[in-house]
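Asker: Below are the chains, spelled out letter by letter.
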Amino acid sequence: MRIGLVCPYSFDAPGGVQNHVLGLARQLARAGHQPHILAPGLFPELVEGRREAAGRVEFTSAGQAIAVPYNGSIARVNFGPLSATRVRRWLRAGDFDLVHIHEPITPSIALLALWAADVPVVATFHTATPRSRTMQLAGGALRASIEKIDAGIAVSESARRVVVHHLGRDAMVIPNGFDFAAFAPPPPEKWAQTTATRRVNLSPPPSFPRSRRPRVTFLGRVDEPRKGLDVLLRALPAIRAGLGDVDVVVAGQGSIPAPAGVRLLGAISDEDKAQLLRGSDVFVAPHRERESFGIVLLEAMAAGASVVASALPAFADLLRPADLLRTEGGSDPLGELVPIGDASALAEAVLATVRRPPPGRTARARERARRYDWSEVAPAITAVYHATLATTAPTRRVIAT
Amino acid sequence: MTPAELFAVLVIVLLAIGWRLSWLATRLDRAHTRVERRWAALDAALVRRAQAALEAARGAAIDPASSLLVCDVAAAALVADLDPAAREQRESDLSRVLALVPLDGVATYSERVELAHRLHNDAVATASALRRRPSVVLFRLAGHAAEPRAFEMAVSGELTWPRGFVG
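Note that the protein sequences, when read in sequence, are chains Z and S. Residue 286 in our numbering is what sits at position 286 of the first sequence, and the numbering runs on without skipping anything. Residue 32 in our numbering is what sits at position 32 of the second sequence, and the numbering runs on without skipping anything.
Errors might be hidden in some of the hints.
[Claimed, not checked] Per label pair, the in silico range of CB-to-CB distance: (1) S:Ala-40 x Z:Ser-73: 26 to 36 angstroms; (2) S:Val-79 x Z:Ala-322: 32 to 42 angstroms; (3) Z:Ser-73 x S:Ala-80: 20 to 30 angstroms; (4) S:Pro-84 x Z:Ala-182: 43 to 53 angstroms; (5) Z:Ala-181 x S:Ala-61: 26 to 36 angstroms; (6) S:Thr-108 x Z:Ile-66: 17 to 27 angstroms; (7) Z:Ala-258 x S:Ala-25: 57 to 67 angstroms; (8) S:Ala-150 x Z:Ala-258: 36 to 46 angstroms; (9) S:Arg-149 x Z:Pro-225: 44 to 54 angstroms; (10) S:Pro-84 x Z:Pro-14: 28 to 38 angstroms.
Derived from the structure by calculation, the hints contain no laboratory data. Note that beta-carbon positions come from the ideal geometry of N, C-alpha and C, so glycine has one too.
My request is simple: use the sequences and hints to build the entire structure.
Answerer: Okay, here's the thing in structure tokens:
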């Protein structure tokens, strides 16, 4: 199947939607499809000169995104006749069987692709929806575009509710995928071998062996308040008072003055991230807002770190999944949820997790995380593709010259 | 100097001071009134600009991405009873987006906003200068009139960016 994947956000910046699109494209290529990504900016593999790493994923740049005020913050977006022409040219050249558009209702190439597409359209809603007032006013102009979506996918139950409420459409809930094997500890017989090779190849930062001190890890931009690093820092005195010497590791982009007693690693590679999580006792996610899914929680769960996260809806969906609590009878969640921005509750949850880890929780969390592996998620998405193609009238397209 | 003469001089001096103070009070009152009128004009110009932008953005001649972008900032600017800082932010956002998205028939409204904005802030500067004069401060000639506030907003041509992007 020739599949056009549209990502409205640039791969130059890290982000959940970008990772999802890239992971899906690779999985589709592995399954024998021909995925082709359209996104602003440059493709990471092209930038780093590792073309072959992208496998059979084709990439087209939609040009540089422009920073504009949107939805109460600054968004990097593409719009206007020039972008529209680029999108149309990509659609024509790609000759796709189907296009899969991510975050379709954003002022971006996603909406432009939806507007211009003349093949069946599958759309995935992550988190971005217009403010309701914007929707009221722009609704008329957008309705035709919204109607063109043949099948909608929402990454979580809360994302689906937003789609139903704001756009008047329904959507299948299919979660974001990730590479479970990259985070899960390797089987024992392979362990010695991989650590040996890693030790040779590992560039700084060095490896993260599990030390005697309990390790508490934070991942995410350090200078963005919504990631909540400050909450962890405020909780540290209480954590130290309860546990003594604690190894606190913070990895993520951005520059801040190094807080006392904290190891700042800066941005790290995916491989180092996996190793860091495998050597962590507690992974904290004190995020304040706007986390659409929380793939990083799944990564920590796969790696066997206990999770302490703020009670955002997306995080609660992952740590207290309704079906799990129902079917397995237990009321024990897969990680601790603490009130957003509450440092003392965070400290308490970390202390409780390290001192009295609930029996079997990490094993259950790992099994749960396995369900979000690409091998489980991608087939659910391709099933939507097939159902869409089976029920859309074939279009006889005249190839314009 | 006889006591009568001394008294006469005192009366004349007091009258002169009184006359000067009342003259200052009159000027102050005029300045405040002007600020109010100009604010009303700026407010109206801003509302008309946002409405014109909305109308143009919902037309058929524009791509949906541009349309969504303009509708979002215009709708945000049209929310009633914003506090001044929020209003400044939202009108600046609208200016920034309008500088990037050419819309038919909105340029006139943007020009009117620019003019009204300059006139308003000029009136505010005049009133503030008067209010800072020592005799006005000493005799509290400004009374209970609120301190006039300049409307700080980006208009086309002077677009400055806040730090930090959200992608």
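Asker: Hint by hint, note whether the structure agrees.
Answerer: How the hints compare with the structure:
The given range of 26 to 36 angstroms is respected by Ala-40 (chain S) and Ser-73 (chain Z), whose C-beta atoms sit roughly 31 angstroms from each other. For the hinted restraint 32 to 42 angstroms between Val-79 (chain S) and Ala-322 (chain Z), the CB-CB distance of approximately 36 angstroms keeps it satisfied. Distance hint for Ser-73 (chain Z) and Ala-80 (chain S): a CB-CB separation of about 22 angstroms, consistent with the stated range 20 to 30 angstroms. Separation of Pro-84 (chain S) from Ala-182 (chain Z) is about 51 angstroms and conforms to the stated range, judged on CB atoms against 43 to 53 angstroms.
Remark: the range hint 26 to 36 angstroms for Ala-181 (chain Z) to Ala-61 (chain S) is contradicted by a beta-carbon distance near 51 angstroms. A beta carbon spacing of about 25 angstroms between Thr-108 (chain S) and Ile-66 (chain Z) agrees with the range 17 to 27 angstroms that was offered as a hint. A hinted range of 57 to 67 angstroms for the beta carbons of Ala-258 (chain Z) and Ala-25 (chain S) is consistent with their spacing of about 59 angstroms. Our hint of 36 to 46 angstroms for Ala-150 (chain S) and Ala-258 (chain Z) holds, since their Cβ atoms are close to 40 angstroms apart.
Against the hinted window of 44 to 54 angstroms, the Cβ-Cβ separation of Arg-149 (chain S) and Pro-225 (chain Z) comes to about 28 angstroms, which falls outside the hint. At about 37 angstroms, the beta-carbon gap between Pro-84 (chain S) and Pro-14 (chain Z) stays in the expected band of 28 to 38 angstroms.
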